[in-house]
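These protein sequence lines are chains S and B, in that order.
Count along the first sequence starting at 1, add 51, and that's the number in my numbering.
Count along the second sequence starting at 1, add 51, and that's the number in my numbering.
The calculated lysine to aspartate or glutamate pairs, modelled on EDC-like cross-linking and capped at a C-alpha distance of 20 Å, are: (1) S:K138 <-> B:E175; (2) B:K138 <-> S:D191; (3) S:K138 <-> B:D160; (4) B:K138 <-> S:D159; (5) S:K138 <-> B:D191; (6) S:K138 <-> B:D188.
No lab work stands behind these hints, which were simulated from the structure alone.
Protein chains: 2
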Amino acid sequence: MCTLNRPDRPERDSVQAALEEIGDRWTFLILRECFFGVRRFADFRRNLGIAGNILADRLESLVGHDVLERQRYSEHPPRQEYRLTAKGRDLYEISVAIMRWGDRWLTDDPPLALTHRADGGAVEQVLRCTACDAHLDSRDIAYHPTHATPAPPDPRAT
Amino acid sequence: MCTLNRPDRPERDSVQAALEEIGDRWTFLILRECFFGVRRFADFRRNLGIAGNILADRLESLVGHDVLERQRYSEHPPRQEYRLTAKGRDLYEISVAIMRWGDRWLTDDPPLALTHRADGGAVEQVLRCTACDAHLDSRDIAYHPTHATPAPPDPRAT
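Make a model of the complete structure from these sequences and hints.
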């Protein structure tokens, strides 16, 4: 594995940027609920045993980052639910990766199994090379900074 | 997508268990450094701009969870470095999943590219069915609780 030391290293890569949006334990647990089909405040709260003010704060942040969107489902009384946006649905692979790691290392008896809906086949997650189709692990993979010179400061970074 | 509501839902699934070990923004950034080849306290500290006490706390937790291990690299003066264990190396797919999501949604210009070391091919991460080899997305995947009756409380849960 190559070692990237400054100044070759990008100042702020996509891992850091992503964690600024979703790097919170409660946030991931809320997203897991969304992938299970949960949409309503009271259901998130009950399923997670989370305090209402913390839940409201995390939902507000996820809406602000365009990961969830609010949709009105009742006019009288006014009630909203939370649905994954395309950006939010695309977090599925991260959620699956976390679950599978937990299955491998934190339990002898995984409580949930994932199967292909069409044929019941087991689901695996792989890194593959688009050129030769090989399955890869970390030792097979090289990192390339894409900026020859240090990138200018990102105005979104604080 | 099926909706899992209690009591069908496992009380504590692997996502929750995993986030109890690694669900912290600094923790993921430290792990990213490890995948870049960083091993020493001073290098983590400089690369991340993290306070020494926070870094020490997170490293201690990662060692306690058997994600990192300490190795002595100097006797005089005594110095230790931090290396990924097998359990820690296995976090690579989560790290890549986070990076790729960030690349897709948080930047127009990803700062790091991943390639297959052997042939330079681009790396992709896919969910595949082990029965039919199809690439899957969340709509193709079903969840199955593996416990017919509610599992007993996990003694590790607090």
